[in-house]
Amino acid sequence: MAVGAEAIFGDSVVTTKLDSAISWARESSMWPYIFGTACCAIEFMSVASSKFDISRFGAEVVRFSPRQADLLIVAGTITYKQAPILKKIYDQMPEPKWVISMGACACSGGFYDNYTTLQGIDSIIPVDVYVAGCPPRPEALIDALMQIQKQQAQEESIIKDRVNTEFKGRLDV
Amino acid sequence: MYSHFDKKFGDLYTKDINDAFVIEQTFIKAAIKCLKEEDDFHFLIDITAIDYSKFAKPMPTRFAIVYILRSKEFKNTITLKVFVEEEEGALHVETISDLFFSANWAEREVWDQYGIKFLNHPNMKRVLNHKEFIGHPLRKDYPRTKGQLCTKTDDLMDEMIPRLEQKGYKSHEGLMFLNLGPAHPASHGTIRTFVALDGENIVSAVTEIGYLHRGFEKACEDHTYNQIIPYTDRLNYCSAILNNVAFAHTVEGMLGVTIPERAQFIRVIIGELSRVIDHLVCLAAALVDMGALTNYWYLYNPREAVYDLLSKLTGARLTNSYMRIGGVAHDLYDGFEEDLAGCIKEIEQGMSDTLNLVEHNRIFHDRTQGVGIITAEDAINSGFTGPNLRASGVAYDLRKTNPYYFYDALDFDIAVGSVGDVYDRMMVRFEEIRQSISIIHQSMKMLPNGDIIVNDRAIALPKKQNVYNNIEGLMGQFKLIMDGVKVPGKEYYDAIEAANGELGFYIVSDGTGTPYKVKVRPPCFPAISAFPDMVEGGMIADAIISLSSLNIIAGELDR
Numbered sequence: 000m001a002v003g004a005e006a007i008f009g010d011s012v013v014t015t016k017l018d019s020a021i022s023w024a025r026e027s028s029m030w031p032y033i034f035g036t037a038c039c040a041i042e043f044m045s046v047a048s049s050k051f052d053i054s055r056f057g058a059e060v061v062r063f064s065p066r067q068a069d070l071l072i073v074a075g076t077i078t079y080k081q082a083p084i085l086k087k088i089y090d091q092m093p094e095p096k097w098v099i100s101m102g103a104c105a106c107s108g109g110f111y112d113n114y115t116t117l118q119g120i121d122s123i124i125p126v127d128v129y130v131a132g133c134p135p136r137p138e139a140l141i142d143a144l145m146q147i148q149k150q151q152a153q154e155e156s157i158i159k160d161r162v163n164t165e166f167k168g169r170l171d172v
Numbered sequence: 000m001y002s003h004f005d006k007k008f009g010d011l012y013t014k015d016i017n018d019a020f021v022i023e024q025t026f027i028k029a030a031i032k033c034l035k036e037e038d039d040f041h042f043l044i045d046i047t048a049i050d051y052s053k054f055a056k057p058m059p060t061r062f063a064i065v066y067i068l069r070s071k072e073f074k075n076t077i078t079l080k081v082f083v084e085e086e087e088g089a090l091h092v093e094t095i096s097d098l099f100f101s102a103n104w105a106e107r108e109v110w111d112q113y114g115i116k117f118l119n120h121p122n123m124k125r126v127l128n129h130k131e132f133i134g135h136p137l138r139k140d141y142p143r144t145k146g147q148l149c150t151k152t153d154d155l156m157d158e159m160i161p162r163l164e165q166k167g168y169k170s171h172e173g174l175m176f177l178n179l180g181p182a183h184p185a186s187h188g189t190i191r192t193f194v195a196l197d198g199e200n201i202v203s204a205v206t207e208i209g210y211l212h213r214g215f216e217k218a219c220e221d222h223t224y225n226q227i228i229p230y231t232d233r234l235n236y237c238s239a240i241l242n243n244v245a246f247a248h249t250v251e252g253m254l255g256v257t258i259p260e261r262a263q264f265i266r267v268i269i270g271e272l273s274r275v276i277d278h279l280v281c282l283a284a285a286l287v288d289m290g291a292l293t294n295y296w297y298l299y300n301p302r303e304a305v306y307d308l309l310s311k312l313t314g315a316r317l318t319n320s321y322m323r324i325g326g327v328a329h330d331l332y333d334g335f336e337e338d339l340a341g342c343i344k345e346i347e348q349g350m351s352d353t354l355n356l357v358e359h360n361r362i363f364h365d366r367t368q369g370v371g372i373i374t375a376e377d378a379i380n381s382g383f384t385g386p387n388l389r390a391s392g393v394a395y396d397l398r399k400t401n402p403y404y405f406y407d408a409l410d411f412d413i414a415v416g417s418v419g420d421v422y423d424r425m426m427v428r429f430e431e432i433r434q435s436i437s438i439i440h441q442s443m444k445m446l447p448n449g450d451i452i453v454n455d456r457a458i459a460l461p462k463k464q465n466v467y468n469n470i471e472g473l474m475g476q477f478k479l480i481m482d483g484v485k486v487p488g489k490e491y492y493d494a495i496e497a498a499n500g501e502l503g504f505y506i507v508s509d510g511t512g513t514p515y516k517v518k519v520r521p522p523c524f525p526a527i528s529a530f531p532d533m534v535e536g537g538m539i540a541d542a543i544i545s546l547s548s549l550n551i552i553a554g555e556l557d558r
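Keeping their order, the protein sequence lines are chains A and B.
Last residue of the first sequence: number 172 in numbering that gives the first Met the number 0, and the count goes up by one each step with no gaps.
Last residue of the second sequence: number 558 in numbering that gives the first Met the number 0, and the count goes up by one each step with no gaps.
The following block holds chain B by itself, in its conformation from the complex:
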């Protein structure tokens, strides 16, 4: 799996208790290069840092950087760790942004949040926090509530001018500068793309994010594991339940528990339903951005039916918080199956109405085919996952490559595109809705009876009956609410296939009921970093449609 790496760096690394390869700062770049070029670890999942200053166990240095890579077949994952020595009051590590495009923004985020600089990085500036921000908020000594007022928006000329020069524009004569967003109807929340225009053509583009950075990761550090679940709802708010599943699944992996079969099937059913409604809203919005408003009503109204079902099941329309560590919050209600069948009927109707209008529509084809292309190679290099990567022709789906729950027992296909343009991205989503509906039908047939949460006092809350009527139940409830689920001290990464792609959590636990650090690997983040390159050379209208086809959700993008 990593034989070349082993041969070259065998004496230089040590394996720690979390199966991470700890390697010295000076060799890290060479090690990653070797892994990428010789051992086929083509895919950089994430880069993050850990501040050990308040950690229970002593560590060699205060800061460590963690690199997570995945192999060509997407099966194997490798974690590398570097303890960063302070040199003359500064922290430096060599950049790997020339090896992986996705490292560019990931390293900027590490600098922004932890204050570790990457040497030779092309654009070492903040990415989530604003320009006037002082300090690095994810350092343990930064107070959680210390807000800093921002008085002025970044003009982004410091990024725009070098980009224009690279393209041979010495002067700005004849160019018009325009902000698309952050307050723009097609900016999908809060994404800002600053463009230089020659007529209607985009000569150069710079994307700025962070307008919805609301401190999820810092908030996790003083909440118990179950208290974090409502925060995860608001990452990708179009499919809240899949975020719940991703987080709960990761924590269960750390605990080493397998949840009851019924709970697994419920997670699959409700998760796939969430994937469907996520794709519906993406497609509805993308078609509106093209001027095809009718389709918005066709695709959005079935969502209302699903909202009604979710309200009955979870008590909330949008932010469901349906998962618990160890299972799900409630069992399915009586009459769920009929309601579900009704929802699916509406969804299928909406889909076929829409496809009747657009599938063979000349305007739709002209607007979407050959627009916003990203090749398979670039997509992998940029860290694309999910429907966006599959549209480029790479059949990577965690449900197939690393099956969890009962996905290996279910019969479904991975939809792939061929070109990687807007058309492929939209059509892949249409097909995935069909596949998800098929998964829901199969799982409903296989749904077993039984518990919906693990039978373990240290993880699941006791039944209300016991809490009110006996002291043991009361104590169990009290301990679990006050202290949280105690997760063994580990550093752990796990991911599931969310609606937008690989949604992963990297969690560092110190053995208490509160995580020491949580890092989300949102599927949108790498996708938007490649956005400027996708739209340069095209027209403004193409940029709008490219953005909506990527389905950028600001909540998980900025966290």
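Only chain A is shown next, with the shape it has when bound in the complex:
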């Protein structure tokens, strides 16, 4: 038995929680910014092209301005020289925002354990999902995207602020 607004207007109205409605919209239209530096960026090209087709998950609107994006995909090795740029781009993205660290280099430096490679981007910016692989297969990146969608559906609320104030990276002063 319908109650409230649904009893009056019939099937033309659906009542739900505001959180669910907004999460539903968010998770179905992630706008990624690709911080592609190396081999992983080539695999991202596969994710975006027709065989794997990221648009099946609503995330094909790849933005090249951080101001218009809410999902940062760090695809590739980040060096010390690159780190301030990554941080700047992350800071320029509006809240709420999510970060995927794609591939071994972004997660931990991978097998580049040396004087020039940052040993994991999580020492600069906070990361939501890590994807293993060198480079990960396209399916792995799609899985990471689905994980973020799941997080959005289950954990996020518009009342709760998503801004992570506790995170202190090496470049935060």
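Some hints could be false.
Distance condition first, Cα-Cα at most 30 Å in a straight line; then the derived BS3-like pairs of lysine-lysine [said to hold, decoys possible]:
(1) A/Lys167 to B/Lys151
(2) B/Lys116 to B/Lys7
(3) B/Lys478 to B/Lys489
(4) A/Lys86 to B/Lys145
(5) A/Lys50 to B/Lys311
(6) B/Lys151 to A/Lys87
(7) B/Lys124 to B/Lys139
(8) A/Lys167 to B/Lys130
(9) A/Lys86 to B/Lys151
(10) B/Lys124 to A/Lys86
(11) B/Lys151 to A/Lys96
(12) B/Lys124 to B/Lys32
(13) B/Lys130 to A/Lys87
(14) B/Lys28 to B/Lys14
(15) B/Lys124 to B/Lys28
(16) B/Lys116 to B/Lys71
(17) B/Lys145 to A/Lys87
(18) B/Lys124 to A/Lys87
(19) A/Lys167 to B/Lys145
(20) B/Lys139 to B/Lys14
(21) A/Lys86 to B/Lys130
(22) B/Lys344 to A/Lys50
Rather than coming from a laboratory, the hints here were simulated on the basis of the structure.
Please build the complex by placing chain B on the supplied structure of chain A, with the hints as guidance.
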């Protein structure tokens, strides 16, 4: 071959065991000048340095600089070596950047990595490491893992202001400064070009690289030869197998082994397939940068078919590590030929779909013809190789001039352009895809049966069956894994024609299983150093398309 050089400098040089001409520091510039102007060594391949401080044999000085030049017909190579004496705590050598444009960045790299200064160099600053970096990482006393945090990006005004002054701009009024990259969709990874704009025209440009410098050469110094192969995958990640081949080929040259014929043919077939997919991604990206997105799907999807084939063959889509020192990792699988034929069909379909759209397309012609021109002379002077040089009309292809494997028995043409603009560079690549497909067809017909790796216990791993069932096999496996392939003490340069041009390795061995030093000669590095001159005077949109037509791959550019 070097008769004038011999006449003038005959008493001044000595030839060392590696056939390098060791010459005194004070005469080096004159010697190179003589080689260039009188003996027609027109092409500077590379400059690098060696730090001998931990070398097994004593050397006259700690540092040596090595110059590798190639003759006009691209057949002969000459190596010059200078032992650098320390003067009042500093290391100095006269620059040759006024003789060869490509020496400019090569010398900057030597300064950055080894701390050897070049006198009278126009712009002696770091090129790979960041501005705040202290020390010189390829010196043997620099710890491999000592990272240094970079807090601020270089504003590049120290390079921009003199360039503007050279062009007669005293004040910056009316000019707009803009960064193209490093985080820019058309920057192909991580290349940064800082431009001064007058309206939409580029008045002056400065290119900065090094954003993907990930220490390949330092990493090589504590890995065995076979362990380095996965690192080479990630140099030019669009055609990983060709990098594997280049490295393995160089090491095999040092060992003096010839790999079995079947392995050579497999290298040719898979190598040419890699060249095809490298060109596909370059062309796809270049057309996207022009706004022709449909072609991206036409050209990129055949790559997926090739990825499937490579996954079956090597276990990985992109970073294949398919070569081993002495041969290849596995034999071709059953049904390879059918899969290959399927891939080639898709590639040909994608190519013809694309060419139908662009070949006679007015917009495509207007955007690419006469844009980003580099003349043959400038291209050689800047160290261009591969399709970029051939587009300027120079028929230089290592597969023809210095044939390796069975390239001299295969029938194929070198595609050359006439103008050296974006159009030529793209069309040369289209034609090279056709030629590569023809090479693949011919090689598949000639493919012999037999071994795929040399039958030598000191180089190739024993069969798994022997490792598990007899002590000799087990020991062989253990020795080779722990110590690596022992390469005789040599200093050696060799190169193959990779998708982007001459991909060479200069390896110094001290007789152990780990190289003492490895230097890559990436084809992109010289190409990008000439980029600012190519785009000045044009519009921003032309700069974008010029960059994509050069096919700069950051992995091999920055190493």
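Here is how each hint holds up against the structure:
no.	hint	verdict
1	A/Lys167 to B/Lys151	holds (18 Å)
2	B/Lys116 to B/Lys7	holds (27 Å)
3	B/Lys478 to B/Lys489	holds (22 Å)
4	A/Lys86 to B/Lys145	holds (22 Å)
5	A/Lys50 to B/Lys311	holds (18 Å)
6	B/Lys151 to A/Lys87	holds (10 Å)
7	B/Lys124 to B/Lys139	holds (21 Å)
8	A/Lys167 to B/Lys130	holds (24 Å)
9	A/Lys86 to B/Lys151	holds (11 Å)
10	B/Lys124 to A/Lys86	holds (25 Å)
11	B/Lys151 to A/Lys96	holds (24 Å)
12	B/Lys124 to B/Lys32	holds (24 Å)
13	B/Lys130 to A/Lys87	holds (18 Å)
14	B/Lys28 to B/Lys14	holds (18 Å)
15	B/Lys124 to B/Lys28	holds (21 Å)
16	B/Lys116 to B/Lys71	holds (29 Å)
17	B/Lys145 to A/Lys87	holds (24 Å)
18	B/Lys124 to A/Lys87	holds (25 Å)
19	A/Lys167 to B/Lys145	holds (22 Å)
20	B/Lys139 to B/Lys14	holds (26 Å)
21	A/Lys86 to B/Lys130	holds (18 Å)
22	B/Lys344 to A/Lys50	holds (17 Å)
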